[in-house]
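Protein chains: 2
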Amino acid sequence: MLVNQKDLNFLLYQVFNANELTELPHYQEHDQTTFDEVIKTAHRIAEDYFAPHNRKADEREPQFNGETVSTIPEVKEAYKHYADAGLLNARQEYQDGGMQLPALVHAAYSGLFASANPSTAGYTFLTSAAANVIHAFGSEEQKSRFLPGMWDGRFAGTMALTEPDVGSSLGDLATKATKQSDGTYKLKGQKMFISGGDQDITENIVHLVLARAEGAPQGVKGISLFIAPKFLINENGELGERNDVQLAGLLHKMGYRGTTSTVLNFGEQGKCTGYLIGEEGKGLSYMFKMMNEARIGVGLGAAMIGYRGYLESLEYAKNRPQGRHPSTKSNDSKPINIIEHADVKRMLLAQKSYVEGSLALCLFASRLVDEQEAANNEDSALLLDLLTPVVKSFPSSYGLKANELAIQVLGGSGYIREYPVEQCYRDNRLNPIHEGTHGIQSLDLLGRKLWMKGGKGLQLLLTRVNKTLKNCQTHDALKPLVDSYRNKLDIFSKTTMQLGQSLQAGKVDETLANSALYLDMMGKMVVAWLWLEMANKAQEVFEESASEDDKNFLTGKLQACKYFIEWELGEVHSQSTLLTELNSTCADMEEAWF
Amino acid sequence: MLVNQKDLNFLLYQVFNANELTELPHYQEHDQTTFDEVIKTAHRIAEDYFAPHNRKADEREPQFNGETVSTIPEVKEAYKHYADAGLLNARQEYQDGGMQLPALVHAAYSGLFASANPSTAGYTFLTSAAANVIHAFGSEEQKSRFLPGMWDGRFAGTMALTEPDVGSSLGDLATKATKQSDGTYKLKGQKMFISGGDQDITENIVHLVLARAEGAPQGVKGISLFIAPKFLINENGELGERNDVQLAGLLHKMGYRGTTSTVLNFGEQGKCTGYLIGEEGKGLSYMFKMMNEARIGVGLGAAMIGYRGYLESLEYAKNRPQGRHPSTKSNDSKPINIIEHADVKRMLLAQKSYVEGSLALCLFASRLVDEQEAANNEDSALLLDLLTPVVKSFPSSYGLKANELAIQVLGGSGYIREYPVEQCYRDNRLNPIHEGTHGIQSLDLLGRKLWMKGGKGLQLLLTRVNKTLKNCQTHDALKPLVDSYRNKLDIFSKTTMQLGQSLQAGKVDETLANSALYLDMMGKMVVAWLWLEMANKAQEVFEESASEDDKNFLTGKLQACKYFIEWELGEVHSQSTLLTELNSTCADMEEAWF
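Respectively, the protein sequence lines represent chains L and F. Each residue of the first sequence is one higher than the one before, counting from 1 in UniProt numbering. Each residue of the second sequence is one higher than the one before, counting from 1 in UniProt numbering.
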C-alpha cells in the first residue's frame, strides 16, 4: 500500500479543502472528480510501473562502463508511462499542453510515486522542476527548444549546482562561463552529486548549470544560470551534436540507488555550449525558484518514504503473533499479535504521527503555492517562504525516525533485505542532506526567513494557529491538548522574540550557533498545530460519518494528535532554555579539545 | 583510527583503575605492561588484518550456492591471526592455555576489533562466548571434546535460539530433543537469524541450541541447552561424520554483511545429534550466562562503531574547507574548515559524548564482571545485573545516533559508499535489535531487574553516583553540572519509586506500557553520571599533566560532560511526567484506529 487512501482524501478534501481551489479562475475547469481521476491514474501507474522494480533498482544500481550508463529497463518504461499520462507537465497551463492542476493535487499524486519508488520518481521530479525554471525565466526560443521534449518525456532535466571543492557554499563556485560572439557561452568546470546527471532513460538531458561569467564578481552576485544540454538541439528540434558534458563517474549511494548520482565535467575539451537564462548575475534567484519547489519535494518524498515504512510495519504487526502481555505469566495461552504490545503500539503511533503530520505539512505548503500562484496571495507567499525550511527538514528528520521505528517493529526481519523497510531507511537518509542540509535550513530560518518584512510571516502563522486553537476549544476532547499546546506556543513565541532581539543586538554568530535546535523546535510546533487542525476536523466530521471504518479512522487521528502533543512537545521547554541562554557549549568547543 | 588511544588509556587506567585489578589473586601475574602489550598486539592485528577488508566484506557478502557458503578469504586469515594471538581464550585460566586476562582489558581490545570490522569480529566474539558456556556448564568430556578446537581457532561457535515462528518469545520455542539410549539426543527444528550459522572460515562449527526435550513442560522451564556440532568429533578429537545440521539459506542484512545470518535446519533427516549441557530444563539459565556477556558485547560493538564514525567525521571536518561564519558577509575571505561551524561542532560534540560515554559504560560493566568473578563481589554482580539492559541499549541507541550525525557532518559524502560512515550507520542499526530488542531490555529492566533483592541494585548505583557527585563538588568548574544533575537525579529517583509502587499495586501492564521511555531515561542518567566521573578525573589529573595535548584532551572531556548534561538530560523532566502519570495514549490505541 502506498498511502492510506482515507487519510489522503481526508487531508485533501476536508483539512485542506481542495474543492475551494476550483473557485479560483485558474482552476475553474476542475472539480473533485477531475482531481480524483488524476490521482487514481497516478496511483495505478505508481503501483503498476514504479513499485514493482523499487527493490530491483536498489539491488542493481546503474552501471557506468566508461562510455555509457545503464539502468534496468523498468526505469525507462516507468518514466514513459509517467510522461504519457501527462504527469510531467500536469501543472502547466492548458495552452502549453498541461492540465492546469493545483500544486496541492500535484503533491498528492507525486507522493504516491515517492512512496512506490523514490529513485525512479526522482528522474521525473527533476525534469518537471528544471522545466519549470525554463518556463519561468527562459527566453521564448529556449522554451520552444527545450520544453516540448522535457514535457513529453523525451528529455530529462537536472540541477547542477554543487562542486567538489565548494559543497553548499554556492558563493564560492568556480565553474566559468565565457561569452561567445554568437551570444552563447562556453562552460568549464566540474559538478558533483548531480542526480540524474547521466542515464539511458531519455534521449537527451537538459542540465541547468550555475556558473560564473567571465569578469563577474565573487560571491553569489556573480552567479548566472545556464542551460547545457547533453545533446545540442537543432533549429528543427532534432537532436544535434553531442555537447561537451562528460560523465566523470558515478557515486555510489547508501540508498536512492536507482537515481544516478554523478560527477560531471563541463567543457573538458573547451566545447561545452551553455545558454544563459535571463540575465547574468541573477542565476541564484532563478535557481531558488527551483530549489524552493525542490525543497517541498524533498519534504514530501521524506514524508512518503516514512509513510510507506509505517504501512509496512503496521501490516507486519497486525499479522505477526509473538509473546504475551507482561501480566500473562503462563505460556499456555496463544501468543498475541505484536500490535497488541504497548511498545509496538507506541512505535506505530509515533510513526503515524510523524508521517501523517509530515504529509499534512507538505500538502499545506503546496496549498500555499496555489494561493500564491493562482490567487496572487502575498500573505500565502510570505508564509510559504517562512515555512520552506521546516517543510524541507521536519519530514526529513521525522520520516527517517519513522523508518527507524519501522525496522524496530519488524525486529530481525526489519534488518534484512528480504523485507522492504530497511530500504526505506536507507533511501530516506538522503533527505536531511540534499537540497540544503538541516544546518543550512536552520540558518535560513533563524537568520533570515523569520525576520523578513518585519516578521510578518510568523504573525501570519500565529494567526492561523490561533484560529485552529479557537476552533478546537469547542470540542471537549481537545481542550487539554489545546491547553498544553498553548503553553508550548507561549514558550516558542518568547524564545523567538528573544532570539530576534539578540540578533538585532549584533550577536549574530552567538544567536545562530544553535539554529538547528530552533529548527527542530519550530518544526514540532508547526506539525503539532497541523495535528490539532486534523483533530479538529476529525471531531467535526465524526458525527456525520456513517461507517464504523470512518469513525475508527477519525478516532485514530485524535489519538495521534494526542500522542504528538503529549510525547513530542515535551522537549520544547528544555530546547527553549538552551536557545534563550545562547548556550555556547558547542560553539566554545575548540578543535584541539576533540 | 580505531579509537582515541588517549581516551582508552584514560578510561582504563584513570577512570576505571585497571591496575587495581592486579591486586586480586586471579590477576596478580598482570601489570599495566602486560595489559598494554595485549592491547597493542590486538591493535596491530585489528589494523593489519581486520580493518583492511571491512568494506570489501560489506561489498562481497557471503554467498551460498546451495551446497556451501563462501566468504572472502581475508575473513579466514583475520580469524586465524586473532586465534593465533591467543585472543579467543585470553580470559581463560593459565592452566587452560589462556592469559587469565580481566574482562576490562578484554573489553578494551575487543572494542578495537568492533571498530575495525564488526562483521569479521562477530565470528570471534561468538566463538569465545559459546566456549565460555561450555566451559562453565559442560561436562568434562564436552569440554575436552569441544574447547581445544574453539580456543585455538579451528572451530567456531554460535548461539541458536530464535525460531521463525517464535522470535524473541523463547518460552514458545518448538525445536524438539528426543533422548536416545546412549544419552545423546536427536534434535529437530528450525532456527533463524543464527549469526555465523554456516561459513567456510573454520573446519567445524559448534552450535549451542535451545530445544525442548520430549515431555518437557511448555514455557521457559521446559527448555534445555544442547551442543550440536556441524561435524561430530571422534574420541581422538578428529572430525567425524557430518551432523544433520543443514543450512536452509542465508539472510541478507542491511549491514554487518560479512557475518552470515542463517536459517538452519536441525534434524531434517532425523539424524541431528545433540549433547545435553548440564541438566534438562535449565537451558535458559545457562544460555543467559552467554546472553549477558553477549549483551555487554553488543553494547560495546555499538559504542565502537559509533566511535569509529565519530573519528572519521572529526577527521573530515578538520580538513574540509567550506563556507564562512554567519557574520561574515563577503566571499573575499578564504572558506573556513567546517569544524569551525557551530553546528558541526555540535554534531561532533554530541557524537563524542555518546560514544565516549558508551565506551565508558561498557568498560564499567566489564569491570563489574571482574569484581564479580575474580573478587566474588556480590554487590558488583547485582549492579551488573541491573545495568545489563542499559549497557546493551544505550550504546545501541546513541551509537547509532552518533553514526547518523557522522553522515550529516560529511554531507553528501557521508551518504556515499566511497566514504566509510554510511557503512557504520548500516552496521550499527543491528544493535538495537539483536540479543534482545530495546522493548525486551526495557521490560527486563523495569519489570524485573530494578526490584531484585528489594531494589538493592539501584541503591548500589545511587551510592556510587552520590560518591561521584561529592567528589565533583570539590571542583568549581563542575558545581553547576552537579546541581543540574542532582535535580534530574531527584526526578529519576521519584519516578522509579512511583513506578515501583504502581507495580506493587498490581498495575503491571499499565506500568510497563512505557518501559522503553524509562530505559532511555535511565540510560541517560547512568551515562551522565559516568561523564561526571570522567570530568572529575579529568579535573584531578589536569594539573599533573605535562603536555598541552593532554590538557586539551582533558578540557575536551569536561566540555563533553557539560554538553551531555546540558543538552541531553533536558528531556528527563517530560519523560518523568509521562511515566509517572502512567500515560496510556499509546496503550489505548486500538488496532482499528491505525
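Honestly, the hints are just simulated from the structure, not real lab data. Each hint should be verified, as a subset may be incorrect.
The list cannot tell twin chains apart, which means a pair is met if one copy fits it or any two copies do.
Said to hold, decoys possible - Straight-line C-alpha distance at most 27 Å; calculated BS3-like pairs for lysine-lysine:
{"no.": "1", "residue 1": "Lys329", "residue 2": "Lys143"}
{"no.": "2", "residue 1": "Lys176", "residue 2": "Lys329"}
{"no.": "3", "residue 1": "Lys176", "residue 2": "Lys56"}
{"no.": "4", "residue 1": "Lys282", "residue 2": "Lys318"}
{"no.": "5", "residue 1": "Lys537", "residue 2": "Lys221"}
{"no.": "6", "residue 1": "Lys76", "residue 2": "Lys221"}
{"no.": "7", "residue 1": "Lys488", "residue 2": "Lys334"}
{"no.": "8", "residue 1": "Lys494", "residue 2": "Lys40"}
{"no.": "9", "residue 1": "Lys6", "residue 2": "Lys329"}
{"no.": "10", "residue 1": "Lys470", "residue 2": "Lys176"}
{"no.": "11", "residue 1": "Lys479", "residue 2": "Lys537"}
{"no.": "12", "residue 1": "Lys551", "residue 2": "Lys488"}
{"no.": "13", "residue 1": "Lys282", "residue 2": "Lys221"}
{"no.": "14", "residue 1": "Lys76", "residue 2": "Lys143"}
{"no.": "15", "residue 1": "Lys318", "residue 2": "Lys449"}
{"no.": "16", "residue 1": "Lys537", "residue 2": "Lys449"}
{"no.": "17", "residue 1": "Lys537", "residue 2": "Lys40"}
{"no.": "18", "residue 1": "Lys537", "residue 2": "Lys289"}
Practice item. Hint by hint, work out which the structure violates, then give me just those numbers in ascending order. Key: 1, 3, 4, 5, 6, 7, 8, 9, 10, 12, 15, 16, 18
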